[in-house]
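Novice: With the hints as extra help, turn the sequences into a complete structure.
Residue-level listing of the chains:
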Amino acid sequence: MHLGVCYYPEHWPEERWAEDARQMREIGLTRVRIGEFAWSRIEPEPGQYDWDWLDRAVEILHSAGLGIIMGTPTATPPKWLVDSMPDMLAIDREGQPRGFGSRRHYCFSHEGYGEEARRITRVVAQRYGQHPGVVGWQTDNEFGCHDTVQSFSPAARDAFRRWLAELYGSVATLNEAWGNVFWSMEYRSFDEIELPNQTVTEANPAHWLAFRRFSSDKVIRFNRAQVEILREASPGRDIMHNAMGFYTGYDHHDLAQDLDVLGWDSYPLGFLEMFRFTEEEKRDFARQGHPDIAAFHHDLYRGCAKDGRWNVLEQQPGPVNWARYNPAPLPGMVRLWTLEAFAHGAEMVSYFRWRQFPKAQEQMHAGLLRPDGEPVPAYAEAASAGREIADLGAVGEAPKHVALIFSYDSEWITQIQPQGEGRSALWAAFSAYSSLRRLGLNVDIVPPETELDGYSLVVVPCLPVMTEGLADALKRFDGQILVGPRTATRDTDFAIPGGLVDQDFADLIGGKIVRSESLSDRLQMTGDGWTAKGWLDHYEGEAEPEFVAGSGEACSYRHRNLRLCCTWPEGSMFERLVERAASDAGLPHEALPKGIRYRTCGSTRFTFDYLTAQISFD
Amino acid sequence: MHLGVCYYPEHWPEERWAEDARQMREIGLTRVRIGEFAWSRIEPEPGQYDWDWLDRAVEILHSAGLGIIMGTPTATPPKWLVDSMPDMLAIDREGQPRGFGSRRHYCFSHEGYGEEARRITRVVAQRYGQHPGVVGWQTDNEFGCHDTVQSFSPAARDAFRRWLAELYGSVATLNEAWGNVFWSMEYRSFDEIELPNQTVTEANPAHWLAFRRFSSDKVIRFNRAQVEILREASPGRDIMHNAMGFYTGYDHHDLAQDLDVLGWDSYPLGFLEMFRFTEEEKRDFARQGHPDIAAFHHDLYRGCAKDGRWNVLEQQPGPVNWARYNPAPLPGMVRLWTLEAFAHGAEMVSYFRWRQFPKAQEQMHAGLLRPDGEPVPAYAEAASAGREIADLGAVGEAPKHVALIFSYDSEWITQIQPQGEGRSALWAAFSAYSSLRRLGLNVDIVPPETELDGYSLVVVPCLPVMTEGLADALKRFDGQILVGPRTATRDTDFAIPGGLVDQDFADLIGGKIVRSESLSDRLQMTGDGWTAKGWLDHYEGEAEPEFVAGSGEACSYRHRNLRLCCTWPEGSMFERLVERAASDAGLPHEALPKGIRYRTCGSTRFTFDYLTAQISFD
Amino acid sequence: MHLGVCYYPEHWPEERWAEDARQMREIGLTRVRIGEFAWSRIEPEPGQYDWDWLDRAVEILHSAGLGIIMGTPTATPPKWLVDSMPDMLAIDREGQPRGFGSRRHYCFSHEGYGEEARRITRVVAQRYGQHPGVVGWQTDNEFGCHDTVQSFSPAARDAFRRWLAELYGSVATLNEAWGNVFWSMEYRSFDEIELPNQTVTEANPAHWLAFRRFSSDKVIRFNRAQVEILREASPGRDIMHNAMGFYTGYDHHDLAQDLDVLGWDSYPLGFLEMFRFTEEEKRDFARQGHPDIAAFHHDLYRGCAKDGRWNVLEQQPGPVNWARYNPAPLPGMVRLWTLEAFAHGAEMVSYFRWRQFPKAQEQMHAGLLRPDGEPVPAYAEAASAGREIADLGAVGEAPKHVALIFSYDSEWITQIQPQGEGRSALWAAFSAYSSLRRLGLNVDIVPPETELDGYSLVVVPCLPVMTEGLADALKRFDGQILVGPRTATRDTDFAIPGGLVDQDFADLIGGKIVRSESLSDRLQMTGDGWTAKGWLDHYEGEAEPEFVAGSGEACSYRHRNLRLCCTWPEGSMFERLVERAASDAGLPHEALPKGIRYRTCGSTRFTFDYLTAQISFD
Ligand SMILES: [Zn+2]
Ligand SMILES: [Zn+2]
Ligand SMILES: [Zn+2]
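Protein chains in written order, with UniProt numbering: chain L, 1 to 618; chain P, 1 to 618; chain A, 1 to 618.
A hint or two may mislead.
[Said to hold, decoys possible] Pairs of lysine-lysine residues, derived as DSS-like cross-links and limited to a Cα-Cα distance of at most 30 Å, are as follows:
#	chain 1	residue 1	chain 2	residue 2
1	L	K306	L	K400
2	L	K594	L	K282
3	A	K306	A	K475
4	L	K282	A	K282
5	P	K282	L	K282
6	P	K594	P	K533
7	P	K282	A	K282
8	L	K400	L	K475
9	A	K594	P	K533
10	A	K282	P	K533
11	A	K282	A	K594
12	A	K306	A	K400
13	P	K533	P	K282
[Said to hold, decoys possible] Derived CB-CB ranges, DEER-like:
#	chain 1	residue 1	chain 2	residue 2	range
14	A	R276	L	T607	42 to 50 Å
15	L	D584	A	R283	51 to 59 Å
16	P	M85	L	P235	54 to 62 Å
17	A	D158	P	G498	47 to 55 Å
18	P	S551	A	D521	27 to 35 Å
19	A	E111	L	F275	43 to 51 Å
[Unchecked claim] Chain A is nowhere near these chain P residues, computed Cβ spacing over 10 Å in every case:
#	residue
20	A543
21	R558
22	R580
Everything labelled a hint here was simulated from the structure, so no lab data went into it. Quantities reported herein were computed from a predicted structural model and do not represent experimental measurements. All C-beta atoms in this analysis are idealised placements derived from N, C-alpha and C, irrespective of residue type, glycine included.
Specialist: If you want it as structure tokens, here you go:
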């Protein structure tokens with residue numbers, strides 16, 4: 001269990017480094033992340049490396065007793081590199097190049113840049129791979145940040161064609177799978193296929209889904225190439241990457257398979273302000289973040305991580321600079337976020353960043369120190385959290401209550417074809433997760449392939465693509481099951497199955513979904529004390545209706561140990577469904593007051609009060 | 001009187017075709033529209049035609065007793081054709097090509113594609129033109145869908161210059177007509193004229209109007225070229241095209257002159273959700289559509305059609321996939337929409353489509369059959385409507401009550417220069433139409449050239465360009481006249497007339513409009529129990545003020561048999577004007593309850609209840 | 001003291017010119033602005049000048065006794081000129097050329113166009129520079145209108161690199177100043193620097209600030225080149241330019257240094273509708289404009305003007321055509337605006353325009369005459385205002401009450417980095433100005449270099465870049481000082497100073513701002529009868545908290561004669577601060593009723609009632 005911090009020695013005079021390291025240790029930090037944006041300092045001219053400064057920085061940090069997590073600097077290739085191959089820039093959806101002057105200015109499909117990225121990774125890995133101070137590596141930085149997974153470049157087009165040829169074998173197979181007979185979109189060869197942007201109206205959703213999978217694959221391969229180099233040059237060190245919040249541009253389950261530890265960057269206040277929370281939530285939790293934001297990602301990324309090893313590679317210690325409005329955390333929140341991460345199993349929480357840099361894009365992004373080197377309020381909170389974590393010792397294993405199933409494929413499908421504005425699988429997952437957490441339950445957010453033994457309740461909020469593994473596991477599962485709308489209604493090529501839903505799923509629900517409606521919030525269905533809205537799957541089969549609206553719509557059904565929610569998984573009817581499922585599953589639960597959340601580990605129950613920023617254990 | 005359906009045999013196994021045909025007949029369908037997106041199946045390789053499958057499909061449908069409406073497949077040229085002439089793609093307003101991958105990916109000004117479109121039309125027409133099963137033709141599909149009338153390509157620019165040269169003769173004439181001395185926009189030759197997109201601020205409105213007329217003309221000519229081929233190769237068959245709802249991208253009066261029957265595609269739920277209805281209307285009529293949507297278009301396109309022959313070429317039978325939210329029709333609505341179309345004089349209603357295709361862009365667009373081949377609720381409603389129509393027999397002629405004048409030219413002017421946000425002639429027409437219909441009146445929406453004899457009331461909601469024919473007709477007209485704002489305030493080149501309004505119109509209103517204001521909804525004018533808003537034309541002349549606001553503004557005037565509405569034609573003052581005009585015209589009328597509408601044909605009065613989806617006749 | 005009008009003889013038959021001139025004189029106009037869009041008439045073919053018509057127009061106007069302000073026609077280069085050098089077009093932020101077809105279609109960095117602009121200026125200046133009728137010149141027209149200051153062309157890029165090289169000397173200096181080590185943005189030479197548009201995420205704010213200063217400089221130089229030609233060819237005439245409302249695209253303080261008189265174009269109704277006023281203000285003042293719009297600009301541009309000489313080069317006399325909604329002024333408002341301008345020290349008010357042109361882009365933009373040549377209501381109001389001004393004689397000097405400090409640099413910084421949506425220095429200035437005016441005070445809006453002697457109160461609403469001159473002046477100042485958020489928190493290269501705030505400023509406030517939060521309006525801080533919101537600067541130092549919220553936040557501090565407002569300078573707490581500062585400054589003041597404003601000149605107090613459009617003096 002470690003606390004760490006992100007640090008940029010290149011931003012500060014060398015004279016200050018030792019004092020910085022000393023202070024880090026003083027407040028209990030044991031890890032320091034460095035180097036991930038330093039390419040222009042490591043290689044100021046093509047092929048001319050300047051290791052001196054970094055050697056000294058590594059030495060100073062190491063001597064102070066800090067374990068170093070070194071970043072590969074591939075998110076910020078220097079200008080001379082871009083000028084040597086200008087077509088390495090990604091092309092945006094409107095056909096414009098995404099130029100130099102910030103970061104992430106590269107196309108994942110560009111082979112020349114891929115080679116350069118491996119070269120710089122190799123030289124850095126060779127220089128520091130065996131250094132005793134280096135305990136881990138971070139590949140690149142926040143893959144996909146600023147919408148950078150997809151590129152519509154000639155390189156991407158050519159690679160996409162090759163990827164499709166490999167996947168489908170023959171273009172006839174692709175035409176059939178995508179239904180290209182529709183609108184005469186049939187191709188005679190893979191070389192006729194274009195990227196799906198800039199079509200007159202929307203492209204074939206199967207075309208988009210393939211492109212999203214291809215784009216995700218390019219990220220996985222880009223990362224893997226670095227991982228392979230690092231494994232060889234730096235044996236025994238943990239390799240990690242920092243994922244982001246509410247971000248689904250690539251398949252994190254896939255990426256995590258190549259990593260030792262999956263990290264993520266936790267900015268609860270920024271996320272609250274930027275994403276789809278209600279006005280009331282944005283007001284009441286402006287300085288805390290919604291009580292489920294951090295935990296949702298903890299539980300999601302733990303579920304993605306290969307062996308369940310995960311951490312927080314960046315933790316907000318003060319205001320950030322990138323949300324619509326950027327308030328400061330309530331006193332106590334930095335401590336609360338830190339302890340909550342550990343309660344959910346984090347191996348490390350690393351604050352971003354040590355000291356606020358007074359220049360450039362993030363000059364308004366707070367650190368533990370102010371630009372003038374003085375501590376901010378979070379400084380003492382970090383120190384306190386460190387002491388408390390040490391006192392607590394290892395937290396016990398969390399009892400398995402609920403498995404919540406989420407897949408990136410399914411999210412892409414709902415993004416490509418929401419059918420009703422804003423109906424996305426990710427947000428269905430968040431809403432379902434929040435309902436479960438408000439009952440005090442532990443929730444694991446897991447991919448469809450997960451072993452379900454030991455759980456009492458499985459919730460599938462919205463999963464258009466059912467996998468054979470999950471269908472089988474659900475059939476075998478003897479706890480309670482709660483399934484939401486759109487589930488099992490697409491095959492892997494984005495087609496509606498012949499039987500309207502996946503056959504195994506039809507068995508599970510004793511019938512099928514025969515028609516779906518998306519509904520605006522104007523059209524609410526109401527029953528005795530509840531409302532439901534947003535969607536309506538029409539079911540036919542042998543299941544029994546459970547919640548039926550006064551206007552006649554059956555909003556949910558029950559079949560054996562399974563409940564089917566036909567409306568969007570949010571609102572009071574859905575909360576009742578969740579409560580009934582938890583009861584039937586024999587899970588002890590209670591309706592928690594506003595802002596209160598639990599996390600149970602071994603015999604300890606953590607209670608987090610998001611309204612007052614208090615924590616208690618018992 | 002026919003019911004029909006849109007069918008895509010190429011989507012389904014050949015074994016199923018006969019059964020599909022049998023079922024169609026079983027529920028009373030007698031027409032089937034096919035072929036309009038099948039180019040890649042008809043001509044899979046350049047110049048190599050595959051007629052076999054289509055021959056068999058035609059034969060099977062014909063044998064079953066279905067009359068076939070064959071589409072020309074020019075809305076979906078295959079990829080090999082696009083690759084052979086990439087500059088056939090339209091260019092969007094921002095200068096980007098509109099690529100392959102959906103439909104309508106062609107520029108109407110591209111001569112090479114024009115030739116290819118005529119070629120494919122000719123071979124299809126030659127193959128099936130004399131087939132006894134073929135009873136009609138549809139040209140292309142939904143001209144203008146996805147904003148495809150305007151293209152900003154080099155081909156369009158060159159054609160526009162030629163078009164202008166032909167229209168104006170000399171560039172000096174054009175400079176004078178457009179007022180190009182303003183801002184030194186004078187041209188020395190037609191070759192100096194650019195397209196009006198991508199100017200620094202708005203281009204000359206006369207420039208835009210000319211470009212819109214040119215673009216419309218290109219559509220008319222594209223269609224006419226197909227019509228000429230079809231007339232020659234397929235004598236005696238009705239040629240039609242399917243217009244869209246709330247769409248004014250080309251002049252439908254012009255287009256209809258080349259057609260035998262003007263069709264349109266009726267999607268009341270999608271239109272309600274996507275267009276400018278109130279929140280209350282979107283809630284109360286979410287599953288029905290606003291009670292005037294379908295009828296407005298019936299009465300509009302009947303007025304456009306050459307001999308008043310029109311039909312519904314596509315009728316929504318369930319949820320669609322393209323609106324913000326896509327609910328299902330209330331039980332009874334598909335029957336109601338069908339009967340309402342006949343009450344308004346449709347020759348046919350054709351459902352879109354027979355069976356929902358489980359792949360590609362419209363996989364969530366319902367048909368009469370589900371993807372698994374089972375019927376949806378609308379299936380039985382179609383069958384019932386068919387029986388009822390047969391029972392009813394020919395409906396009597398509708399008595400002429402109100403002529404409502406609308407012109408595409410005028411709509412373009414208000415789009416190019418709304419002066420106040422959202423002040424468009426089309427929506428003025430809709431609002432006026434709705435006010436008239438809520439009094440139970442029959443309304444014909446007609447172009448300015450229409451003979452007005454037999455009407456009791458003429459309403460001109462907003463017609464910036466007065467035609468000499470209309471002015472003369474209004475002078476002769478001895479019924480009541482109600483005229484709305486902006487009328488007769490522009491000449492055909494978008495200039496304000498020397499006398500501020502058209503001289504004939506000045507005679508009619510006994511004065512002139514001397515100043516116009518556009519007003520936000522914040523600034524309402526109120527009188528005794530009424531409000532008026534949105535616009536204020538200041539009138540000077542001998543007419544008498546009729547409605548005068550408490551704050552002093554004269555909101556309407558009366559002069560002989562004419563009422564002049566100076567505010568936007570909506571709201572309670574306008575409703576009173578309409579009611580007074582109807583009274584003075586001697587038209588029996590009544591204030592209908594919410595959701596109720598009438599249509600009177602001969603001695604029959606149809607009553608449609610949009611709240612309950614009920615219909616009655618008496 | 002003059003009244004004038006903008007006139008376009010080229011729009012009207014020559015026979016009408018003399019009558020127009022006579023009428024102008026008849027209603028008391030003595031100035032006429034002409035020629036600024038007439039390039040295509042002056043030089044219809046390259047190098048072939050047609051002076052005849054303009055000679056005659058000048059003669060007729062002069063003979064009638066009108067002093068002519070001649071415009072250089074460089075805002076509207078003709079098509080033949082653009083075709084001769086197509087790369088003179090500006091490039092927009094998305095990389096698209098901004099084409100011919102309206103106006104301002106040129107890039108300020110294009111040297112070829114710069115030469116052409118000087119050429120046409122020279123020939124016009126040589127022709128009319130010594131004409132006795134020509135009393136003044138206007139350069140170009142509304143620099144920056146339609147967002148035309150910035151161009152992202154190759155010409156701009158090259159010029160920007162040269163500009164940076166000159167400013168920074170070495171690229172290492174630039175890298176250090178901008179903090180380019182962050183994200184490896186370091187350059188090896190000035191030729192590696194790109195324009196800041198089209199980066200993946202936001203460019204370095206220092207990069208943007210430099211580009212904005214460069215772009216502003218290009219405008220200043222473009223203008224100066226014309227001024228130099230005019231001074232030489234037309235000695236003794238006033239040279240002016242017309243600035244716009246709420247526009248900050250270039251540094252008006254800089255521009256004004258090259259001019260004799262700074263003009264501005266006053267459209268109170270359009271500005272109210274288009275800018276960030278509340279719904280209530282937009283309703284209550286729809287026909288008047290917000291009571292502070294015109295005065296704010298009068299006082300701002302008077303403060304920009306070299307010797308305080310300024311005028312209104314365009315005054316709205318009726319509805320315009322470019323706002324979302326375009327109502328007509330309340331009767332009396334044209335007179336009120338005219339007199340208010342004189343009360344604030346204008347040398348001239350020139351109505352835009354004489355007669356509404358019935359064609360082209362501004363056909364809905366009213367003049368003093370309608371398109372048919374008849375007068376509009378403002379015609380008589382202008383005549384009346386002229387008589388009243390003559391009766392009044394010279395107004396006395398306005399007593400100095402409040403100096404309000406504003407700089408364009410600071411506005412650019414808050415635009416580039418608002419940190420919280422909509423937090424801009426310009427709107428902070430407007431809000432502070434309005435609070436002061438509602439107390440009946442005279443306000444001078446002045447640049448930071450201004451001499452503060454004679455003022456009783458200095459207000460600095462939001463000034464991120466403190467200048468040494470201002471800091472010194474504030475230290476010496478013995479009146480009251482009120483300072484708003486973000487002040488003195490950046491150096492001139494957009495970096496946070498080492499001491500977090502400018503050192504001199506730290507002395508002034510007895511401490512420093514150690515952390516800043518931007519807050520959404522959901523998060524209001526409330527005290528006893530007041531609220532504060534929008535921002536929170538956390539202060540540390542020896543100042544005393546003055547307003548402290550119930551929730552504990554110190555919203556303002558007091559230190560000696562200085563008050564520090566830590567929240568956004570608007571709302572009820574800020575109003576109390578202003579009132580206390582005015583009291584402590586010994587300024588007589590009162591809370592004016594809604595819509596009432598004062599202007600005190602010598603012994604005269606003008607009272608303007610914006611609700612009723614009345615004026616009184618005493
Ligand atoms: Zn990021
Ligand atoms: Zn369509
Ligand atoms: Zn302007």
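Novice: Give a verdict on every hint.
Specialist: Against the structure, the hints:
1. In summary, the hint linking K306/L to K400/L is supported, as the alpha carbons are separated by about 18 Å, within the 30 Å threshold.
2. Proximity of K594/L to K282/L is assessed by CA-CA distance (about 14 Å); at most 30 Å being required, the pair is judged to hold.
3. For the hint pairing K306/A with K475/A, the CA-to-CA distance comes to about 25 Å; that is within 30 Å, so the pair holds.
4. Restraint check: the Cα-Cα separation between K282/L and K282/A comes to about 28 Å, which is no more than 30 Å; the hinted pair holds.
5. Taking the CA atoms of K282/P and K282/L, the gap is near 28 Å; set against the 30 Å cutoff, the hint holds.
6. Between K594/P and K533/P the CA atoms are separated by roughly 23 Å; this keeps the pair inside 30 Å, and the hint holds.
7. At most 30 Å may separate the alpha-carbon atoms for a hinted pair to count; K282/P and K282/A meet this at roughly 28 Å.
8. Note on K400/L and K475/L: the hinted pairing holds, with a Cα-Cα distance of about 19 Å set against a maximum of 30 Å.
9. For the proposed pair K594/A and K533/P, the alpha carbon gap of about 25 Å is at most 30 Å, so the pair holds.
10. For the suggested pair K282/A and K533/P, the alpha carbons sit about 15 Å apart, so the restraint of at most 30 Å is met.
11. At most 30 Å may separate the alpha-carbon atoms for a hinted pair to count; K282/A and K594/A meet this at roughly 14 Å.
12. Proposed proximity of K306/A and K400/A is supported: the alpha carbons are some 18 Å apart, at most 30 Å.
13. At roughly 22 Å between alpha-carbon atoms, K533/P and K282/P fall within 30 Å of each other, so this suggested pair holds.
14. Taking 42 to 50 Å as the suggested C-beta distance range, the pair R276/A and T607/L conforms, at roughly 44 Å.
15. As the Cβ distance of D584/L to R283/A is approximately 56 Å, the hint placing it in 51 to 59 Å holds.
16. Distance hint for M85/P and P235/L: a CB-CB separation of about 58 Å, consistent with the stated range 54 to 62 Å.
17. Restraint check, D158/A to G498/P: a C-beta distance of roughly 51 Å satisfies the suggested window 47 to 55 Å.
18. Range check, S551/P to D521/A: Cβ separation about 33 Å, and the 27 to 35 Å hint holds.
19. Here the CB-CB span from E111/A to F275/L is close to 48 Å, well matched to the stated 43 to 51 Å.
20. At roughly 18 Å, the least C-beta separation between A543/P and chain A is larger than 10 Å, which holds for a residue marked as non-interface.
21. Remark: the non-interface label on R558/P is consistent with the geometry, its nearest Cβ contact in chain A lying 23 Å away (cut-off 10 Å).
22. No Cβ of chain A approaches the Cβ of R580/P within 10 Å, the least distance being about 27 Å, so the stated non-interface status holds.
Hint compliance for this structure: every hint is met.
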